[in-house]
Amino acid sequence: MKTKKRNYSTYLILTIFGLYMISPFISTALYATSTNWSNTLLPKDFTLKWFIELFQDPNFISAVMRSITLTFVTLAVVLVVMVPTVFLVYMYFPRVDNFMKGLVLMPYAIPAVILATGLLRMYSGSAIPMFAVLVGGLFVGSLPFMYQGVRNSLESIHSRNLMHAAEMLGANKLQAFLKIIVPNIKLGLLITTLLIFSGFFGEFVLTNLLIGGRYETIRIYMMRRMNENGHLASAVMVAYFLLLIVISLVITHLTASKKGKRTAWKKRKQQPNENQPFPPLTLAQAEPATSTEIKVNNEKRHK
Amino acid sequence: MSFITIEDLSLRFGEHKVLKDISLQLEEGELITLLGPSGCGKSTLLRVIAGLEVFQEGNLFLDKEDISNILPRDRNVGMVFQNYALFPNMTIFENIAFGLALKKMPKDEIRREVMKIVRLVNLEDKIDAYPHQLSGGQQQRTSLARSLVTKPKVLLLDEPLSALDAKIRKQLQVDIKELQRTLGITMIFVTHDQEEAMILSDRIFVMSEGKIVQSATPAELYAYPKNQFVASFIGNYNILSAKDLKKIDPTFSAENAENTFAIRAESIQLAPSSGEKGIFFNGQLINYTVLGSTIRCIYDVNGIKLSVDLINNERNQESIQSQAQLYIERTNIISIEK
Chain A
1 MKTKKRNYST YLILTIFGLY MISPFISTAL YATSTNWSNT LLPKDFTLKW FIELFQDPNF
61 ISAVMRSITL TFVTLAVVLV VMVPTVFLVY MYFPRVDNFM KGLVLMPYAI PAVILATGLL
121 RMYSGSAIPM FAVLVGGLFV GSLPFMYQGV RNSLESIHSR NLMHAAEMLG ANKLQAFLKI
181 IVPNIKLGLL ITTLLIFSGF FGEFVLTNLL IGGRYETIRI YMMRRMNENG HLASAVMVAY
241 FLLLIVISLV ITHLTASKKG KRTAWKKRKQ QPNENQPFPP LTLAQAEPAT STEIKVNNEK
301 RHK
Chain B
1 MSFITIEDLS LRFGEHKVLK DISLQLEEGE LITLLGPSGC GKSTLLRVIA GLEVFQEGNL
61 FLDKEDISNI LPRDRNVGMV FQNYALFPNM TIFENIAFGL ALKKMPKDEI RREVMKIVRL
121 VNLEDKIDAY PHQLSGGQQQ RTSLARSLVT KPKVLLLDEP LSALDAKIRK QLQVDIKELQ
181 RTLGITMIFV THDQEEAMIL SDRIFVMSEG KIVQSATPAE LYAYPKNQFV ASFIGNYNIL
241 SAKDLKKIDP TFSAENAENT FAIRAESIQL APSSGEKGIF FNGQLINYTV LGSTIRCIYD
301 VNGIKLSVDL INNERNQESI QSQAQLYIER TNIISIEK
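Heads up: the sequence lines are chains A and B, in that order. Per our numbering, residue 1 is the first one in the first sequence, and the count goes up by one each step. Per our numbering, residue 1 is the first one in the second sequence, and the count goes up by one each step.
Hints were generated in silico from the structure; no laboratory data involved. Glycine is no exception: its CB is placed at the ideal position from the N, C-alpha and C atoms. Hints are not guaranteed to be accurate.
Derived pair list, reagent style DSS-like, types lysine-lysine, alpha-carbon separation capped at 25 Å [claimed, not checked]:
hint	chain 1	residue 1	chain 2	residue 2
1	B	K104	A	K173
2	B	K20	B	K305
3	B	K103	A	K179
4	B	K17	B	K153
5	A	K186	A	K101
6	A	K173	B	K107
7	B	K153	A	K173
8	B	K107	A	K179
9	B	K247	A	K179
10	B	K226	B	K153
11	B	K338	B	K247
12	B	K103	A	K173
Taking CB as the label site, the calculated pair distances span [said to hold, decoys possible]:
hint	chain 1	residue 1	chain 2	residue 2	range
13	B	K103	A	V73	31 to 41 Å
14	B	V174	A	A109	51 to 61 Å
15	B	E7	A	N98	34 to 44 Å
16	B	G136	A	P94	56 to 66 Å
17	A	F17	B	V54	28 to 38 Å
18	B	E15	A	N172	31 to 41 Å
19	A	L14	B	D193	47 to 57 Å
20	B	P37	A	P84	30 to 40 Å
So here's chain B without its partners, still in its complex pose:
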């Protein structure tokens, strides 16, 4: 049995089934991400693991123990909330020490443990401050420290970075990953940001409408999305029917006319002058946007709109014209489920 095992778990709020037969397994020391759009049930699943929601069907095991009926405070599970949930009446030191004080740990030991974790998250000079005196990033680091100091078996993070600005978010993503590797702690991270999931995760579980639709490593997930939802959620994919694809490549023949195909935007290139084997086709430029290191072009190919990501270099900048010959390798056309 894995460190965390969830078997056929379902949860209903009244008549509405929020989680539908969820099954997942997680090894000790792993960092997984629950990724999905708002309302897909990812935070609810996290709250189920924390014990803050009661599920009706299925099993939930943590470290070989059935924790279905164990109170949140007895599960030894830590949780970091989106809005930090720091206690405003306590200093940073008191916030972090709260869990240890409840365990009736001697004061000297509490102080030692708190200072150790405070150093790890670089907040030594803030221990006497109150939460409202800290920036968002510092508050979230405090929240992390407060959860980690009690040495939970698993740390749950419910969109912890979504309230932060881009720069701090990126820094904290790196910090969380390093912290997880340093401490070897098992983490479950909830996010709706696919880039964040890619950066952080050992494995990603994509959720939609209360179900896990695909679980894989970030690289696998990006290269081989299982269905149309994952392809559209995880990256900038062009989703095409067999009929659409035939308009681009008249020689194309699908086994099943109902099949759907996905083409990554960056796998379509401006056609090389010669020497490549693949599909060549002409496109009319509708629009283009510079996204920093890439340029996103929208081409019309026989009535089909294709999104094409080009590297933002001098050659490509010069090549972007109203008419262009484009090129895809056949191996980059992935067949997916609807």
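Looking at chain A on its own, in the form it has when it is part of the complex:
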């Protein structure tokens, strides 16, 4: 009986949590599919005209494409630079690790507006394109998540031991990193990537201040349209959420483990062979080696 009670309370808590999380999205979706919603519990009508208008607007499609470009370029830079860096620091410079743990928290201490002002004063009018400056700014902003995320993943798989084991088996450091470490921190990397992906995709302050006028991303587009029409802005919001979910699912699918497929393939390939080329040998059957046998075995090994 006690178990049942606990189950009901668990479901109740989960339901309340679910409703709390999903109700803003449902409300926004309802507002985006209506023309009039005031003084009633639910909207008075249903329409898709805001979505049609939105998807027919070339500026919206361009804004989405710009956001995707900015996000993926920044993600690529972050992953390519940070994963090997964190790995090297964790493995070979443990003293630097303590310093880095403090350093990567610095972005929390600097508000985005101040960061943007500093970057503008430093790079405005320089040869470095502001897009690159923005990528750099976002890179710095992602450091707390990226450093700690990758570091925790490395720690959780006992990467030092795995590296040593791989090296003892004949792998060089690069082979060990690519074949052993990267596949095993993939899940941690995926979670960190998704976390900073949504952050980059929805970034507004830095993007708007640095290149907002010339490079309208989806958030800047959303802000502009919000002033024009609330229903349309809601449609942008719903489209934005759905797009985030779709991209996250695609990233998850692309980087997910293919263990199942691989195992099935192996099983097909490793069908038991009835004509084994050597007889089964067990420890119980094996005679202890005499000193001559030891020498013979060792000679064989040398050959």
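Given the structure of chain A, go ahead and fit chain B onto it with the hints provided.
Same frame as chain A, now just chain B:
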């Protein structure tokens, strides 16, 4: 020159000297154990041989070759880790085949070699499983197979059984010994468990504070511990000063009053009724514990606490009383260094 020769090897981590003038020689096909308490440097010494730690002084030869400056991957040394270090993203087959694949061995040959070693460690039905699907014992057998399949010149085992429960540990001790005899491979085993060292080793090197304090066969080491540390670490010895011994046997006279003596707990017996020559003394029972086949009694003898191991039989069970007459043969009192 022996198969493995270490000469005056020292290693420092900053100011702290972890290994101090270590010298040891190991013959081909031998299984030795580095035995000592935590922090004595035994795992560090193993890692030095593997090439995972760089030492500052001394020489290290493997098969007549100076391997001091050779990378771990080029030393042809295998290593089994305490936490197995199996690659979680690979099946058991892929784990074992990893080293062979790196040597660019043909796939058929890899498969043949892997299956041969997999049979030897009884894991034929697990080759498609992932490490997390195996028990601790199976994971450690996989780790052994993975190291052995590349046919290393020497296999290093860093407390490989310490994470396993007692039953599996005992079984694997037997398996490792048989495997070593079957393949004739040279092994260096690190453990802090003296019983494990006794079961497995041809020779035991006892380490303390970065030094080898004694090396001997298990029987020699148990019978003749060199000093107080070895005596207290290797068995259940009573360590007594000359003054303490005089309290037990007033007729005892030591050449040097500073000498220390060791008496094995099982060499003290309940006194026979007659006919024995040795030291007889009375003890007051403080406590006793049944340890399976033996009963460990603690007696107070004139203010000295003596640990006495008796065989757990009916006669001894009946003889354990608050007062007892005890007996030691003089030859069982061993003089040791402090």
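Exercise. Could you tell me which of the hints above the structure violates, numbers in ascending order?
Key: The structure breaks hints 2, 4, 9, 10, 16 and 17; every other hint is satisfied.
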